Amino acid sequence: MSDLSSLSSPSSSANPRVRFAPSPTGFLHVGSARTFIFNWLFARHTGGAMILRLDDTDVERNTQQSVDSIFEGLKWLNLGWDEQYKQSERLELHGKVAWAIFDKGLAYRDFTPAHTGEAEKSGAQGTWLFNPDAREMPREESDRRAAAGEPFALRFRVPRDAGETVRFSDAVYGEQVKATADIEDFALLRSDGMPTYHIASCADDADLRISHIIRGQDHLTNTFKHVLIFEAAGARPPQFAHLPLLVAPDGTKLSKRRHGPVVSVTTYRDAGFLPEAFINFLCLLGWSPKNDRENMSVRELTDLFSLEGINRSNAVVNFKESPAVAQEAGTQSGRNHAIPNTDEVRVRNPLLISEETFDPKALWLNAEHIRGLALQDLSARLLPIVAEAGFSVTPEKILEITPLIRERIKLLRDVLTAADFFLVDQLPPYDPAELIPQKGDAAMALQVLNKARAVLPNVEFKHDPLDHALRAAAQELGLKAGQMFQPIRVAVCGRKNAPPLFETLQVLGKEKTLARIEQAMAKLGSASV
RNA sequence: GGCGCUAUCGUCUAGGGGUUAGGACGGAAGAUUCUCAAUCUUCAAACCCGGGUUCGAUUCCCGGUAGCGCUACCA
151 MSDLSSLSSP SSSANPRVRF APSPTGFLHV GSARTFIFNW LFARHTGGAM ILRLDDTDVE
211 RNTQQSVDSI FEGLKWLNLG WDEQYKQSER LELHGKVAWA IFDKGLAYRD FTPAHTGEAE
271 KSGAQGTWLF NPDAREMPRE ESDRRAAAGE PFALRFRVPR DAGETVRFSD AVYGEQVKAT
331 ADIEDFALLR SDGMPTYHIA SCADDADLRI SHIIRGQDHL TNTFKHVLIF EAAGARPPQF
391 AHLPLLVAPD GTKLSKRRHG PVVSVTTYRD AGFLPEAFIN FLCLLGWSPK NDRENMSVRE
451 LTDLFSLEGI NRSNAVVNFK ESPAVAQEAG TQSGRNHAIP NTDEVRVRNP LLISEETFDP
511 KALWLNAEHI RGLALQDLSA RLLPIVAEAG FSVTPEKILE ITPLIRERIK LLRDVLTAAD
571 FFLVDQLPPY DPAELIPQKG DAAMALQVLN KARAVLPNVE FKHDPLDHAL RAAAQELGLK
631 AGQMFQPIRV AVCGRKNAPP LFETLQVLGK EKTLARIEQA MAKLGSASV
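Per the working numbering: the first sequence = residues 151 to 679.
Source of the hints: derived by calculation from the structure; they are not laboratory data.
Hints may be right or wrong, so weigh each one.
[Unchecked claim] Below, simulated EDC-like cross-link-like pairs (lysine to aspartate or glutamate); rule was C-alpha separation at most 16 Å, straight line:
id, residue 1, residue 2
1, Lys440, Glu450
2, Lys254, Asp218
3, Lys660, Asp575
4, Lys236, Asp253
Given the structure is predicted, the values throughout are model-derived calculations rather than measurements.
Kindly generate the complete structure, drawing on both the sequences and the hints.
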């Protein structure tokens, strides 16, 4: 009954079944997100099923906060999944499979106390394979000590015959072979009875009829152990596909502590990335459609995705370490770098992340996707951001503003800085000198504004009439168009860099425009006296 | 230390025994425009090192080096 052979041979025509199996011990980071995405893409491309499984057998380190963070991130990705499981609710299965392996003589009890860890970890560590005393312990003695209540771990009895090998074929890395002589007798069950990752994962993969395991390359060498487990449990190993790892610019693996919030999915969300752009970006790290396409929708990615397009070398997420993080890392070097809460603080202040922190390509792709969005769609995504920032604007107003900023923002949150002057009643203070046009002086600025104030009340606030009126005005004053437009632009926007003038005035409206021109003139007057 | 994986512009990548080694981001310059963007054009920028195989290697093989991973009763 506990043998998995009956469970594990789906008919060959069955649709693929893949899983994403995060362990809730931290925030959902970009590497995990990419693994999820590749699995999802593979499932959708092949018409298979996507399964989400929480690998939560490490009760010590699991947190609800982490579970929440994972779901939060996945929800934002908006891809979904078909089935959902939790390993902690499947412990019985794991135990059964482990003991079935034991019953076949392929596992044994090890009464040696657990390693305390660090001691033999660094440097001089030899190649530990197993404790002969435990491995060779007669079954009677083992049973007796277990019956007496002595704690033990259950270990896999890795074959030790000379020349024996374990092999599997990886869809990305090709044929893999390893001598069993190089594989230690790994644990299946801990002394508290809880399953280890290896047995829980394999038992579930077999039971859930997972056909393809697509996961990070950090599991490549673990896979030999897993093949051993599958075979011992009488299950056929699934197809494996290992993904190259995502690493930081310094080549080390992504870590919240070292690299800050840029490795957390929700940071991208909060900074105003479009989920489809973020997905697009992640797909380009370690995978290529091989046709020079870069900007792709989720639909296109699904069509194009294949395991063959995955490459084998680690990819750098080219972010910049934020100054705060870098500085702190410097301060901490050589110390025990265990400052709690700092991660949390940064994660809760996503706005501290400056645009330059992100991988420039991610930013570019986001801008591309933003430009590709329909106006209605974009404005609908902008609205909540504006509202959350405390501005009360109507959807109609945002819709009017959207085309003016669409080509000028890289992140959704940029709406707050790109369209600020549409949103506020009172312009924040600015330097009156900004009002002075090229090759002009304060008098010219005043002259321009004065003219505008005279002309504008009688103009219809639409692009063309404004265009004609203001160009005519410039001509009358003997000024270049640019010299005419700049003082007005600064008067209404509070800065030189802004969307095209006529559209801006149209959206702003006559009343506000005239009021701001008035204020600008006052500023100039008081500044020059 | 042992075992494994990897190596093309700064970054993501395409390619592959003979190529001007392609694309993209970023950078630089220019065009355009009422500023800023967007857009367009152009430029700079790479096959880790050493052997071997070969008429010919960046490509295939071996070695080195480097990076990464695994080496837990973490996952």
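Proposed proximity, Asp253 with Lys236 (alpha carbon, max 16 Å): Violated. Lys236 to Asp253 sits at ~26 Å, over the 16 Å cutoff.
Pairwise hint evaluation, Asp575 against Lys660, where the allowed Cα distance is 16 Å at most: holds, 14 Å
Hint consistency between Lys254 and Asp218 [alpha-carbon to alpha-carbon, up to 16 Å]: Given that 16 Å is the threshold and the Cα spacing comes to 40 Å, the pair is violated.
Given pair status - Glu450, Lys440, alpha carbons within 16 Å: This hinted pair holds, its Cα atoms lying about 14 Å apart.
The structure does not agree with the numbered hints 2 and 4 stated previously, though it agrees with the rest.
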